[in-house]
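> Assemble the whole structure, with the sequences as input and the hints as a guide.
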Amino acid sequence: MGTDVIAVVPKEEKQKSAFLSTLSRVVRYSGIRLITLFITVVIGIYLTIMIANMGGYVDQMMKSAIQERITVEIAKSPQYKTMDPATKSVLAQERIQSEIERLNLDQPLVIRSFKFLKNALTLNLGRAMFMTSNTGSRNVKIIILERLPYTLLLMGTSNLILFFSTLYLALALSRKYGSFIDKVVIALSPSSSVPPWFYGIFLILIFAAVLKILPFGGVIDAPVPKDFLGKALSIGKHLILPASSLILASFFLSIYNWRTFFLIYSSEDYVETAKAKGLSSRDIERKYILRPTLPTIITSFALILISLWTGAIITETVFLWPGLGRVTFQAIGQYDTPIIVGTTIIYAYLLAITVFLLDFVYALVDPRVKLGSGGN
Amino acid sequence: MKQFMQNIRELLKYPTAIFGGLVVLALIVSGIIVMIKIPYSQAIATWRGGEEVYGKNPRNVPPKWVNYFRKDKLVESLDMFEGDEDVEIVEIVTEGGTPIKTVTFPIDFQYDNFPTELTLYFTSEYESKQPFASVKWITPDGTEIKINNFAVGKTHTFAINQDTKLKKKLKNMAPSTGLFLDQNAEDPGKKPVRGTYKLVVETVTFEPDSSIQTEFVMLGQVFGWAGTDHMRRDLLLPILWGIPVALAFGLIAAMGTSIMTMIIAAIATWYGGLVEGLIQRITEINLVLPFLSILIMIGTFYSRSIWVMLGATIALSIFTGGILTYRAIFKQVKESTYIEAAKAYGASDKRIIFRYLIPRIIPLLLPGLVSSVPSFVFLEASLALLGLGDPVLPTWGKTIYEAYNNAALYRGWYYWIIQPATLLMITGLGFASLGFALDRVFNPRLRGM
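Residue numbers (the numbering used here), protein chains in the order written: chain Y, 1 to 376; chain A, 377 to 825.
It should be emphasised that the hints constitute simulated quantities derived from the structure, not laboratory data. Keep in mind the model is a prediction, meaning the values are calculated, not measured. Where a beta carbon is used, it is the ideal one built from N, C-alpha and C, also for glycine. Heads up, some of the hints might be wrong.
[Stated by the list, open to error] Among chain A residues calculated to face chain Y with C-beta under 8 Å, some are:
#: 1; residue: 392
#: 2; residue: 475
#: 3; residue: 665
#: 4; residue: 667
#: 5; residue: 750
#: 6; residue: 754
#: 7; residue: 782
Right, dumping it as C-alpha cells:
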C-alpha cells in the first residue's frame with residue numbers, strides 16, 4: 001500500500017518534502033553541533049580559569065603579596081612615623097582588607113570561578129588586575145584591542161604570504177615531480193622542525209648584529225616619523241625579520257606537504273583520463289586536482305585565520321613585538337588572570353565558530369559530503 | 377625480522393636517513409659519555425658554584441677555536457700550578473739553613489694580542505714570620521725584568537697589572553702589554569714578541585714547618601673550547617650537559633605522547649560508543665586550551681622543574697590530532713579477519729587491544745615518534761627562552777636565554793648563542809631527517825613520492 005501512496009504524490013510536492021527533510025536534518029544537526037561546541041568551549045574556558053588560578057594557590061600568593069606591600073608601605077611612610085603601633089596595625093589591616101576586596105579575593109574560588117566563567121562567556125572581560133594599556137586603561141578589552149593590530153599585521157603578513165606562495169609553488173612542483181628542485185625541497189623539508197624564534201635569532205644575528213641593516217626588534221623607530229609614509233616604511237622595516245622568521249620556519253615543509261597531497265590526487269584515474277583526453281594542464285589542475293582538494297585547502301586556510309588571533313608568544317618576545325602573544329606572556333608573569341582568560345576565550349570562540357562553519361563550507365564545495373548524514 | 381632488515385636496507389637508500397641516523401647515534405653516545413664523566417650532582421654543583429669555581433676565568437670571552445678563523449691570534453687563558461708538568465721547581469738551602477724555592481712558569485706565547493690580566497696566587501703556612509717572594513720576568517731574548525719583592529700572607533694575591541712601579545719601569549704601559557713588547561728596541565711598536573716567556577718566582581721561608589705554594593693565572597681573550605659567560609662560567613658544561621637533557625626531554629616526551637595516544641586510540645576504537653564519544657570530546661576540549669599558555673602558567677605558578685614540564689607536556693599532547701589518525705587506522709584493523717578469529721576463540725578485550733591491535737600499527741608509530749622529537753627538544757628550549765628553564769640544570773635553552781638577557785647579539789658575543797643554537801639545530805635536523813626517511817619507508821602511500 002505504501003508504494004501506491006508515494007506513487008500518487010505529485011513531483012513538485014515530492015521535491016518539497018525532500019527539501020523539508022533536508023532542512024530539518026540540517027537544523028537538527030546544526031543544533032546538536034552548536035550545543036556540543038558550546039559545551040566544549042565552556043569546559044575549556046573553565047579549565048583555563050582553574051589553571052590560571054592554580055586551584056586557589058595564586059590567591060594565597062597574591063594575598064600575602066598584598067599584605068607585605070601594604071605593611072612595608074605603612075612602615076616606610078613618613079606620614080605615619082608618629083603613629084603608635086596599635087593604630088598602625090589597625091590601619092594596615094583595613095587597607096589590606098580593602099585591597100583584597102577590590103580584587104575580589106575575599107570570595108571563595110568556586111564562586112569567583114563561576115562568575116569569571118559567566119563574564120568570559122558573555123565576553124564581559126572585565127578589568128585587569130595589574131596590567132594597563134598604553135593609554136593607562138585597565139579594561140581588558142582595551143588592552144587586547146590595543147595589541148591586536150600588531151599581531152594581525154605580523155601574523156597576517158607572514159601567514160598569507162606563506163599560504164599562497166607555498167600552495168602555488170607546490171602545485172608547480174607536483175608537475176615537475178622527481179626533478180632536481182623537487183629533491184631539494186624534499187631534502188630541505190626537515191628544516192621546519194626548527195621553530196620560528198630560532199630562525200629569528202639567526203636572522204637578528206646576521207641582519208641586525210653583523211650587517212646592521214635591519215633593527216634588532218620593536219615595531220617603529222625611536223623618534224616616530226611624522227608623516228604616514230615614514231611611519232609605514234619604519235613599521236615595514238621592523239616587520240621584515242619577524243615575518244621572515246615565521247615564514248622560513250614552515251616554508252619547505254608546507255611546500256612538501258601540499259606537493260605530496262597534490263601528487264596523491266593527481267594519480268587518480270580521472271586525472272589520467274583527463275590527460276588522455278588531451279586537456280590542457282591548466283584545466284586539469286583547476287578542474288581535476290584543485291577541485292577535490294578544495295575542502296582541505298579551505299580547512300587549512302581557516303585554521304590559519306584563527307592562528308592570526310593568537311599571536312606567536314615566543315617570536316613576539318624575541319623581537320619585542322608588542323602583540324597579543326607578548327601580552328599573554330606578560331599577563332602570566334604578573335598573575336593577571338582576567339587577561340589570560342580574555343585571550344583564551346577569544347581564541348576558543350573563534351575556533352568553535354570556524355569548526356562550525358567549516359561543516360557547511362564542506363557541504364557547499366564537496367557534493368559528496370551530506371550534512372548530518374552518517375553522523376550520530 | 378626479515379621484514380625489519382628489508383626496511384633497514386630500504387632506509388639506507390636515503391642519504392637524509394644516513395645523516396639523521398649518524399647524528400642521532402653520535403648524540404646518544406656523547407650524551408651517555410657526558411653523564412658518566414660529569415655526574416648529575418657534580419654538574420649542578422659546578423654550574424652553580426661561585427667565585428671559587430670560576431674566579432680565575434676571564435669574563436665573556438669566546439672559545440679558543442675562533443683562533444682557527446683569525447689572522448691575528450687571540451691570547452689563550454692560562455692557569456698554572458706549582459706541581460704542573462711544565463713548571464720547573466728548583467729547591468736549594470743556603471748556608472744559613474734558609475730554604476729557597478725557585479718556581480719558573482714558562483709561557484709559550486704565540487699570539488698577536490695581549491693578555492688582560494697576569495696574577496699570582498700564593499697560599500702559605502707559617503707561625504709568625506711571613507715567607508718572602510721575589511718575582512722576575514724573562515723575555516724570549518733573555519732580558520730580565522724585576523717585577524717586585526714582597527712578604528706573602530696566608531692567602532695572597534699579587535696582580536702584576538696593578539703594580540705601579542713596574543708600570544713606570546715599562547714606560548707607563550700596563551704590564552700585561554709592556555712585558556710582551558720588545559724591551560731593547562727604540563720603538564717597541566704595538567705587536568707582542570712571540571716566543572717563550574718565563575715568570576720566575578723565588579720564595580724564601582723562614583720557619584722549619586713553613587711552606588708556600590704558587591699559582592699563576594694569565595687571563596686571555598679566549599678560554600676553553602666553549603668560552604665563558606658574564607659570570608666567568610665555562611660554557612663547556614651547559615654545552616655538554618645540554619645533550620643528555622635535550623635527548624631525555626625529547627625522547628621521553630615523544631615516546632610518552634605517541635604510546636599513550638596509540639593506546640587510548642586503540643581503546644576508543646575497540647570499545648566504541650560512549651568511550652569513543654568521551655575521548656572525542658576530551659580531544660575537542662584540549663583543542664580549545666592554549667597549549668603554550670598553560671605550560672607557561674604551570675611553569676610560572678607551580679614548578680619550573682624539567683620533569684614537571686615534561687609531564688605536563690605529555691599530558692597536554694596526548695589528546696591532539698594524532699588520536700584521530702590512529703583511530704582511522706585502528707578502524708581498518710578492527711575489521712580484519714584475524715581479529716574476528718581472536719573474538720571467536722574468546723580472547724579478552726585487553727588481550728585483543730594489546731596483543732593484536734597495537735602491535736599491528738607499531739611500524740606506523742615509529743616515523744611519527746622520531747619526527748616529533750625535535751618539536752619537544754625545541755619546546756624545552758622555547759620554555760627556557762621565556763625564562764622557564766629548569767632552575768638548576770644547565771641546558772642549551774637556558775644558555776641562549778642568558779645570552780639573550782645579556783644582549784649577547786648586540787654586544788658581539790656571538791659564540792654564546794651560536795654554540796647552543798647550532799647544537800639544537802643539528803639535533804632537530806638529525807631527528808627530523810631520520811623521521812622523514814622512516815615515514816617514506818613505512819608509509820607505502822608515500823613511497824616513491
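> The structure should be examined with respect to each hint, and the outcome stated for every one.
Hint by hint, here is what the structure shows:
1. Using the Cβ-Cβ criterion of 8 Å, the hint placing residue 392 (chain A) at the interface with chain Y is satisfied: the shortest such distance is roughly 6 Å.
2. Because the closest C-beta pair between residue 475 (chain A) and chain Y is about 56 Å apart, greater than 8 Å, the hint is violated.
3. The beta carbon of residue 665 (chain A) is positioned within 8 Å of a beta carbon in chain Y (closest approach about 5 Å), and the interface hint is therefore held.
4. The beta carbon of residue 667 (chain A) comes no nearer than 10 Å to any beta carbon in chain Y, farther than 8 Å, and the hint placing it at the interface is violated.
5. Taking 8 Å as the C-beta contact cut-off toward chain Y, the hint placing residue 750 (chain A) at the interface holds, the least distance being around 4 Å.
6. Annotation: residue 754 (chain A) was flagged as interfacial toward chain Y, and the flag holds, the nearest CB pair being 5 Å apart, inside 8 Å.
7. For residue 782 (chain A), the interface hint is violated, the least distance from its beta-carbon to any beta-carbon of chain Y being 14 Å, above 8 Å.
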